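K.L.:
Listed below, chain by chain, are the residues.
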Amino acid sequence: MRRDNIYTEEEFPSPLAELWQNFKQSPIVMVGFSCFAFLILFSIFSPIISPYSPIENNLDHILLPPAWHDDGNVSFLLGTDNLGRDMLSRIIHGTSLTFGLSFVVVILSMIIGVIIGSLSALTRGIKSSFLNHFLDVILSIPSLLLAIVIVAILGPGLNNTLWAIVMVLIPQFVHITRNAVVQEFKKDYVLASKLDGASSIRILHYSIFPNITEKIISQATLAQSAAILDIATLGFLGLGAPIPMPEWGAMLANGIDLFYIAPWTVYLPGLAILFAIIATNLVGEGMKHALKMQREN
Amino acid sequence: MATNFANLRFYRWLSSLVLVLIAGCDSQGTASLSENSVIYCSEGTPAILNPQLETSGVTIDATAKQLYNQLIAFDPKDNSIAPSLAKSWHVTKDNKKITFYLRQNVFFHQTEYFTPTRPLNADDVLFSFNRILDRTQVFHYVSGGKYPFFQSVGFAELIESIERINDHTIRFTLKRADSSFLANLATDFAVILSKEYGEQLIKTNELEKLDTQPIGTGPFKLKEYRAGSYLRLMPHDNYWATPSSLKQLIYDITPSNTGRLTKLLAGECDVIAYPIAHQKITENPLLTLESVTAMNIGYLGFNTTKPPFNDKRVRRAIAHAINKPAILNTIYKGDSAAEPAVSILPPSSWAYNDNVDTIDYSIDKAKDLLEQAGIGSDLTLNLWAMPVQRSYNPDAVTMAKLIQADLKKVGISVKIVTYNWQEFLRRLALGEHDAVLLGWSADHPDPDNFFSPLLSCASAETGNNRTFWCNETFDDLLQSSLDTTDMNARREYYRQALNIVADEMPLFPIAHSKRFQAKKHNLKGNILRSYGGISFEGVEKH
Amino acid sequence: MFILTILTFSLSFFFPGEHLANISGQINATPEQLELVALEYGKHESVLYQYWYYLNHLFQGNLGVSMNSQLPVADEIMSHLPATIELTLVALFIAMIAGIPIGFIAAIRHRKKTDNLILSFSMIGYSIPVFWLALLAILVFSIQLGWLPSAGQISLVYEIEQVTGILFIDILISDTPYKWQAFNNATTHIILPACVIALAPATIFVRLARTAMLSVLDSHYIKAAMAKGLNTRQIVFRHAIRNAMVNVIRDVGLQFANLVTLAMVTEVIFNWPGIGNWLIQSIYQRDYTAIQGGLLALSSFIFIVHILTDFIYASLNPLARGSKHAS
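Chains A, B and C are the protein sequences, given in the same order.
So the first sequence is numbered by the UniProt record's numbering: it starts at 1 and just counts up by one.
So the second sequence is numbered by the UniProt record's numbering: it starts at 1 and just counts up by one.
So the third sequence is numbered by the UniProt record's numbering: it starts at 1 and just counts up by one.
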């Protein structure tokens with residue numbers, strides 16, 4: 001959009017826009033970001049892109065190696081597993097399960113976490129300090145362990161895994177929001193609007209949130225890489241996605257028995273997980289770096 | 001800076017040197033102790049160390065031929081009945097009185113917890129069988145009080161009395177002639193325990209140790225058992241036949257199929273049970289793949305007490321919907337030894353008859369039957385897939401997945417359930433399942449062994465009949481067959497019984513297969529047996 | 001710690017099934033026995049009292065019996081926890097001796113090729129799913145190269161009596177004639193799982209060490225030392241490392257929690273007889289008593305390490321001590 005600047009006015013980008021400016025400077029980070037965007041597209045459109053059904057057995061073509069292998073078949077680009085299911089389709093569908101769901105999970109826990117965090121930042125006294133200590137304990141238990149316990153309570157299954165990971169991630173968001181809000185509240189511009197008679201909620205909404213979004217988003221990318229890993233690990237341990245689902249971790253676990261006859265059933269899902277996590281981490285890294293630049297300016 | 005890096009390089013070099021040293025020492029080191037130790041990587045944890053109480057193959061493999069002996073045994077060469085603890089026996093003409101003459105100087109194990117003062121005599125035999133038969137015996141109700149094999153063949157109803165004639169002679173009197181009696185005594189379940197040990201346990205009031213810290217006469221004695229991780233056996237130096245030349249025999253419990261193969265390839269196991277990826281083993285010059293024609297049946301059993309599976313139309317519908325050839329191609333692939341099951345009897349049984357009713361693969365028939373039974377499209381089936389590999393079903397979970405896909409076509413959604421083996425059997429006996437993928441390996445050549453333990457009313461009570469199906473006509477047929485020695489008459493009775501099974505469909509037979517095992521070349525001796533569990537007697541390592 | 005016990009206590013209510021059975025593990029008990037257990041746990045009184053009884057049991061070291069094996073959970077934990085401690089400590093050690101020096105090197109060569117290379121590798125190392133790495137490690141080192149064993153803590157041919165539970169100590173105090181063989185064998189068994197576990201924490205140590213070193217190198221006293229004409233080597237070895245180390249140590253505790261999680265998964269793959277493996281097996285079997293006990297033990301273990309590293313940090317860094325007293 002073209003903008004006519006009649007006045008030589010210095011434009012201050014919003015913190016988020018500024019973050020983006022800094023963010024896109026590093027080429028490596030941009031590669032990570034495009035991979036990330038690519039994965040998101042994949043997870044949305046997986047049913048359209050994938051050539052075969054991920055769960056339907058095709059017993060005429062079992063254990064085909066990937067196409068570049070001598071015995072491979074071009075119509076099954078990445079080979080098939082022991083039930084003749086196309087690996088490529090399974091991996092594409094797995095994107096929406098492992099990666100896509102981790103994205104949903106992070107957003108969900110972010111919303112809940114931010115609400116609790118900002119509310120708790122406004123309260124003081126016993127309630128607040130109890131919450132603080134409670135969070136400290138929760139944060140000291142490794143997230144995967146906690147997720148495993150919650151799954152143990154709820155029983156194995158994909159839905160339960162997701163809820164478990166949401167619950168595990170919430171404290172991190174509560175923690176970071178709380179700290180950020182408390183920090184911002186001490187600043188002068190908040191004091192100014194307070195003196196204007198603005199209510200806490202109003203201050204939160206108009207003054208504070210725009211200034212802490214970038215911190216929360218940066219935390220979200222960290223949480224996302226943890227969420228992918230947790231979903232995959234739970235799937236691998238057989239506590240997550242149930243059997244026919246092409247969740248990457250569960251696929252890998254399923255491939256273990258074929259390790260010696262069809263190693264690609266183990267390599268491919270592992271590579272997919274690695275790829276998703278690296279992409280996410282690159283974005284997170286870039287975000288962190290951009291935040292740092294912002295602070296330094 | 002430069003020295004800093006030099007330092008670092010030095011450390012790297014040092015650490016790699018240490019690594020090499022450690023690895024070097026090790027390869028020479030283990031040799032001296034492991035030279036005479038055999039590690040058998042088994043597929044599951046034995047629930048208890050006494051085969052009287054269990055029919056699970058895991059328990060049998062670990063205990064029956066290692067820790068114990070039976071009065072008589074099957075000759076591994078021709079499967080005829082051969083002497084074991086009884087050096088000879090005599091059967092009266094009416095087949096009702098059987099007298100066993102025991103071997104002299106058979107010694108029980110001497111261990112940290114028990115020192116025998118006398119060799120085996122008739123009292124021990126009496127003690128072992130009374131434990132099963134006599135409800136007033138102190139040990140009868142110890143460890144559950146269920147003797148699944150003996151109850152399923154109606155042992156208690158068969159035996160009139162067991163008498164001790166003298167120290168080394170014992171006589172069984174039967175109420176009626178039973179053509180499978182001797183075979184039943186030669187199975188892995190009919191082990192001989194030590195009465196003296198039992199008395200010691202009564203004194204110390206530790207009755208349950210009879211089954212957890214066992215004493216027997218077998219070629220190996222128990223050293224240590226850690227459930228879920230390993231079982232350590234030592235040779236029995238006073239064994240009545242040739243004592244083993246091994247220093248130790250260790251059962252390394254490795255439920256993961258890949259884990260077992262990895263251990264074999266990495267040299268951590270000498271023998272593994274139920275190997276996968278046969279090709280990988282045959283192409284390795286240091287390993288041998290062995291197989292034995294085992295009499296077995298892999299089946300899909302329905303819990304006939306749970307609605308809607310108590311309706312035979314539903315059971316038949318499911319059977320119609322299962323694509324058996326596809327299962328055989330996928331699950332038993334490469335292990336070409338498997339053949340599709342027509343009935344529960346394998347073709348190698350003398351009573352085999354392919355002139356029995358079968359169920360064909362037909363989705364239409366399945367849908368019709370479901371409609372007749374009034375089943376809508378919202379039926380969910382909890383299909384239990386056993387977690388261990390068995391020859392009759394090398395990969396139950398994958399088989400369950402195939403069935404899941406098959407049944408989806410007729411509108412039944414399948415949930416696959418699995419636990420670890422011990423827990424699986426426990427919950428199965430409670431009847432928590434809708435249907436289960438399981439199987440049965442014969443313990444002796446008599447065809448009755450496929451019928452009574454699997455489908456009789458008596459075994460439904462003990463929980464060994466996981467379908468809980470009980471049909472009186474069927475039971476009568478089995479009984480009539482046992483009462484006669486006329487082979488043709490028996491064959492006909494069994495054919496009728498099989499037709500009842502095909503009609504009622506308490507279980508859907510899937511396949512018969514060979515039993516496989518892989519071992520290192522330097523291990524000599526026959527471990528696999530056609531009937532019952534494995535045996536390490538006479539196995540040597542060079 | 002206190003909150004932890006509340007948490008595990010409340011777990012027994014959350015788990016499906018009877019609360020009493022969950023907490024005591026008595027599943028096959030007769031009604032009379034059950035009544036006895038009910039009394040013991042104060043079932044007929046208020047929740048607070050029940051919690052008090054639970055605590056009492058805890059202090060007596062009574063965690064109930066496992067629903068599955070019917071063995072006391074406390075005993076099971078005592079036989080499994082040491083193996084995990086051993087594995088995690090070795091892994092932590094490997095992560096530190098590998099990660100920290102590399103991080104320092106990266107900092108010294110800040111913004112040069114080495115630095116970038118190290119950072120990229122640490123990013124990949126950090127992103128590899130541990131179960132996948134473990135499988136690949138087994139394939140390469142156990143199967144293809146045949147250097148290291150693939151599973152277990154020690155070859156089962158060695159019969160080592162469990163005294164402390166820490167295998168290396170047990171071997172040394174045992175009277176087997178094959179002591180050194182056993183020791184070597186145990187060493188080869190621990191290398192692979194420990195390295196697999198160590199990889200991710202090591203990359204974090206690389207980053208921590210790098211950041212710490214950078215800030216130290218940026219500080220005034222280093223500049224002063226440089227101005228005095230000391231060469232880089234002297235500065236790094238005499239001044240920078242010591243000060244940077246202190247900051248790294250502070251985060252060891254936090255990394256430890258991460259390490260234990262990785263160990264849980266790795267134990268399953270390497271069939272390591274540790275508490276993670278045991279806990280995950282208990283989850284498969286829905287053995288709720290065991291899950292509660294295992295969770296409590298594992299979290300307390302992490303907690304204790306936290307406190308320990310805090311102490312070490314305090315003793316290394318006089319500044320932290322001062323501020324602690326002030327607060």
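Honestly, I wouldn't trust all of these hints.
[What the hints assert, rightly or not] Listed below are the simulated DMTMM-like cross-link pairs for lysine to aspartate or glutamate, each with C-alpha atoms no more than 25 Å apart in a straight line:
hint	chain 1	residue 1	chain 2	residue 2
1	B	K514	B	D486
2	B	K97	B	D486
3	A	K288	C	D115
4	A	K292	C	E161
5	B	K409	A	E18
6	B	K365	A	E56
7	B	K223	C	D75
8	B	K223	C	D115
9	B	K367	B	E423
10	C	K179	B	E112
11	B	K367	A	D136
12	B	K247	C	D115
13	B	K247	B	D237
14	B	K306	B	E537
If you're looking for bench data, these hints aren't it; they were derived computationally from the structure.
The structure displayed is predicted, hence computed values, not measured ones.
K.L.:
Hints first: check each against the structure and report whether it holds.
P.N.:
Going through the hints against the structure:
1. B/K514 - B/D486: Status violated; Cα separation ~29 Å.
2. B/K97 - B/D486: Answer holds: B/K97 to B/D486 is near 19 Å, not above 25 Å.
3. A/K288 - C/D115: Holds. A/K288 to C/D115 sits at ~18 Å (cutoff 25 Å).
4. A/K292 - C/E161: Status violated; Cα separation ~55 Å.
5. B/K409 - A/E18: Since the Cα atoms of B/K409 and A/E18 sit roughly 56 Å apart, the hinted pair is violated (cutoff 25 Å).
6. B/K365 - A/E56: holds (22 Å)
7. B/K223 - C/D75: holds (20 Å)
8. B/K223 - C/D115: Violated. B/K223 to C/D115 sits at ~56 Å, over the 25 Å cutoff.
9. B/K367 - B/E423: violated (35 Å)
10. C/K179 - B/E112: With a Cα-Cα distance of about 23 Å, the restraint between C/K179 and B/E112 holds, given a limit of 25 Å.
11. B/K367 - A/D136: Roughly 58 Å between the alpha carbons, so the hint for B/K367 and A/D136 is violated.
12. B/K247 - C/D115: Violated. B/K247 to C/D115 sits at ~55 Å, over the 25 Å cutoff.
13. B/K247 - B/D237: Satisfied, since the Cα-Cα distance of roughly 10 Å is no more than 25 Å.
14. B/K306 - B/E537: Answer violated: B/K306 to B/E537 is near 45 Å, above 25 Å.
Going through the hint list in order, the structure does not satisfy hints 1, 4, 5, 8, 9, 11, 12, 14.
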